[in-house]
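*Asks:* Heads up: the sequence lines are chains U and W, in that order. Counting with this note's numbering, you get residues 1 to 578 for the letters of the first sequence. Counting with this note's numbering, you get residues 579 to 1028 for the letters of the second sequence.
Rather than coming from a laboratory, the hints here were simulated on the basis of the structure. Keep in mind that the hints are not guaranteed to be accurate.
[Said to hold, decoys possible] A few chain U residues facing chain W, derived, Cβ under 8 Å:
1) Gln134
2) Val136
3) Thr376
4) Lys511
[Stated by the list, open to error] Listed next, with one range per pair, are the computed distances between beta-carbon atoms:
5) U/Ala146 - W/Pro933: 39 to 45 Å
6) W/Ser1003 - U/Ser271: 55 to 61 Å
7) U/Glu257 - W/Gly810: 52 to 58 Å
[Claimed, not checked] A partial selection of chain U residues facing chain W, derived with a Cβ cut-off under 8 Å:
8) Val115
9) Gly210
10) Leu318
11) Gly367
12) Thr368
13) Arg378
14) Gly381
15) Phe413
16) Thr541
17) Pro544
18) Val548
Since we're looking at a predicted model, the values are computed, not measured. Every residue gets a Cβ at the ideal spot worked out from N, C-alpha and C, and that includes glycine.
In case you want the letters, here they are:
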Amino acid sequence: MREIAGTICLTLALLGCHGGSVPDTGKGHNTPTESVAFEGKSRAVEKISSVAVGLFADMTETSGVRFTYDTGRAAQLFTILESVGGGVGLLDFDNDGDLDLFFPGGGSLSGSPPVTLHGQYVRLFRNDGDWRFQDVTESCGLAELAFYSHGCAVGDYDADGDPDLFVAGYHDGRLLQNQAGRFVDVTAQSGLKFPSWNVNGAWLDYDNDGRMDLFVLTYCDWSTSQIERCLNDRGERDTCGPTRCPGQVDQLFRQTENGSFEDVTEQVGLSAIAARGLGVLVADFNEDGYSDIFVTNDVHPNNLWLGSADGRFEDVGLLWGVALSPAGEEQGSMGVDGGDFDGDGWLDLWYTNFSEEDNSLYRNLTGTGFLDATTTTRLAGPSWRWVGFGTHFIDFDSDGWQDFVIANGHVQFSDSKAPYLQPAQLFRNREGRRFEEVSAKGGSYFASPHAGRGLACGDLDNDGGTDLVVVHQDAPVALLRNTHPASKWIRVVLRGQKSNVEAVGAKVVLKSSGRSLARWVRSGSGYLSSSDPRILFPLETESPATVVVTWPSRRTEVFEKLTPGQTHLLREGDGQPE
Amino acid sequence: MASQSETNLGEIGPRYVSATRPGRYRRRQLVIVISLVAVIVGALGSSLVWLRRRPSPLEPLLATARVLLEEPADDPSERQDQARAAANRIGQYLVASGADVVGANLLLAAAVALRGDAAKAEQAVNAIDLTQAQAADLTTAAKIFFQVGAFVTADKLISVALERDSKSSTTPSSSRSGTAHSRERTLRTACLIRYDLGRYDDVLSHCRELAQLATRDPHPWVVIASVYEERGEWLNALTAYREVLPRVVGEDASYRMTLISFLLYTGQVDEARREFDRLQTSPLAANVLQQDPLLVPRLLYSEARYSEAKPLVEQLLQSDESSADAWLLLGRILMEEGDFVGAADALERHVLVDPLSHEGFYVLAQASQRAGRIERAQETLKTQRELSKIKVQLFRLERRATTRPNDRATRQELISIYENIGLTSRAEYWRRSLESLSEIPTQIQPPPKP
């Protein structure tokens, strides 16, 4: 390229080539205990109404969910703290069969350096069905919980059958134990200590002892004294970038037999790298039975920590080709997810990047590495202008091919090249070969720009379609109903016995009509958020379906005659050995 | 009081009427004399104006010299002849005491520079009161000094030229006036000189102004696209380049090829394919594609048509083993085909040709690891990280330098790093940019009076 537009060409262009110029003329309720029939709405009505509203209908206004994540922007200090944003956790805290919503609150800043941080209260909304939610923050014991928070990780760490919460924040973090629908802050007795700026967490069982451990994602070493005057490319004061903020070491806490946690960061090898983490995905990329951890970093090579039998992790991000851009350059990477975009049964990797960088899609080479597939699938280009944060693999058109959703939004308020508010995007997967942007058909939410951050996916109305919850910077969250739910579907919830209770790391394969759809139980994923842990499969026929589960214990079981339109609880050991 | 009565036009008549006869006579004589003097002075004045306006017999000498110097030939000997001929005419003009001494001296200095004695010519320029020179002559001289490598003088001259005709018409070229045309020429030359000095913000400014004046001219957009390309602002580069093709009259194959390259770089594969299909309808397609023989394999690679891309790259490598880009593309294709040993071998060739390719070392590390060459993979990775750090640093410095035209320290740092890693051409580029700073006037001021 540089040769093409070199000086010679310029000389010709500027001085001599006048001959080439033109002359100067002028979203009911199901309990995830065995099989419960779906009570849905008329598909025909859904389909007809969807034509007018697009692929997603904005239900925020009538949902009763009124929540705005507070970045602290009002103080006009333009700190990097404010740029990270908040997420959302989808969890069935009351075990009534539907997903409820938990939001970390963010916070505000005041005073002169060192500035004082004031945490904003977290909020919990109970799903009462039919797209109505009730604020139950106080009745659930969370009314006093306020610290500068970002992300949350949902997981049944005590294996008592209900989901617990870890909330990450600036030099803080809270372990909230769900005690029959009421949350109790057990951080002090848990053994968890947070010396760093935490942005999110992920539950996993790295040592396969059956107990859930906690990975804590850290961003960078910024202090409240570090109030700088940073200028954007227009010379105006704007949000400070990450490069003056050294990266931090992420933490791994191992759960002991008595339910407390011990910091094993150093002994497992994670202390070798200090980076600016913003996204985390736990899955078993090489199918060796040990959870791996992929971390997206901001202007630093991403890490792919491969788990092993001895409990230690080795970063192979560079050698596996997912640490840098295909051209070998560091990226500003944020949201992340894993799925099987090309239907080959291997877990592919997807993450969002800063503007003037394409988002990145990597094809898994049978667990030996990855190859970039961004360009060949036509995902290069359409997101170049946008700063990508929340994202997810989502089969929004229920055709079995995993599509993408992205929440975009700039960190700078007046960058000359891209606006602060940016449109969210939808990409439809065309049979694993290419993606087509269909944001224009997404509905009203996708027609207007936002400062998007956390994004979670889940079937909030249990109708067989994956819905969305998006968190914005200093603006109300959005609840979006999928208007194209699958007409035939099954949903599975995995419960580990020998394996960890959440079955993080398990692979689930639906075998139906000669087609195999592979999905995985992941942890982390998206951006600062926790999505629906249940796995939804669209079906092509009304015939009972068969699902093959490979548990983290490496046991593979077949679950047959699963009735469509129901949520099935699959317990490890209850299936037939394959 | 007297002056009052004299300025009161109503009293003029009665006073004359009441005047005595001899007095009236003297006054009549006086009026006649004054009138004659006025007529003579008027006639002399008109004659002088006429004389000044009449083309001097010496003017063709200067005009011919201007034409000779305006478009110097590419051939060195022919250029020498041009310079000599121009110098002769200017000499005659000066000996015969032509009126435009400043313009003649400036053009003479330019001719001397073109003849090969740039140093002497620069000295001559320093002695000229440039504020008195015409913008057109300043532009001609600036272009010549730029062509002979006297960048500092070239920039100095074009700065004055830009200042001189900045207040001229910004009328679009559809109703172009002489001053607008002169402004266009000045802007074109300014873009050229400042692009080479890495003053990209200035170049963008000049080219945008030029695009407004010459609305149907594709070339300002070509330069704008090049500046964005240099800055790594690919989407802006593509947007600018999309303005080029609609303005090209006649054969546009080479422009379309460049557009396809931009499209591929920004991942717009489908649009690249459409443009390529259009390109193929051009009778010049084959010739133009020879300029970038990797364009077709790159397009096929982007479309995941690896088996079609591979033979084209291999064929290219048979004729040119030194193509680093071809080795890299072959390595990538073989990786996609699962031939990791072959890929690693190809990529080894790539880094041999381009030892500063951090991209190549990154892909080589992956290929080596999958080919079982673990030790080599680790070693390669180490090199890649080192190169990457340097390149990130260089990218930041270059960006800073182009947005801060007077930042000496950054330019000096760039020169030093490029020299250390052996990229002398880039070092030289930034040295030129640095040297030009010492002479760039921030404001045009008249020379001190003797």
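*Asks:* Would you mind marking each hint as holding or not holding in the structure?
*Replies:* Now the hints, each set against the structure:
no., hint, verdict
1, Gln134, "violated (45 Å)"
2, Val136, "violated (46 Å)"
3, Thr376, "holds (4 Å)"
4, Lys511, "violated (27 Å)"
5, U/Ala146 - W/Pro933: 39 to 45 Å, "violated (56 Å)"
6, W/Ser1003 - U/Ser271: 55 to 61 Å, "violated (43 Å)"
7, U/Glu257 - W/Gly810: 52 to 58 Å, "holds (54 Å)"
8, Val115, "violated (28 Å)"
9, Gly210, "violated (33 Å)"
10, Leu318, "holds (5 Å)"
11, Gly367, "violated (12 Å)"
12, Thr368, "holds (6 Å)"
13, Arg378, "holds (6 Å)"
14, Gly381, "holds (4 Å)"
15, Phe413, "violated (20 Å)"
16, Thr541, "violated (32 Å)"
17, Pro544, "violated (37 Å)"
18, Val548, "violated (26 Å)"
Hint compliance for this structure: hints 1, 2, 4, 5, 6, 8, 9, 11, 15, 16, 17 and 18 are not met, and every other hint is.
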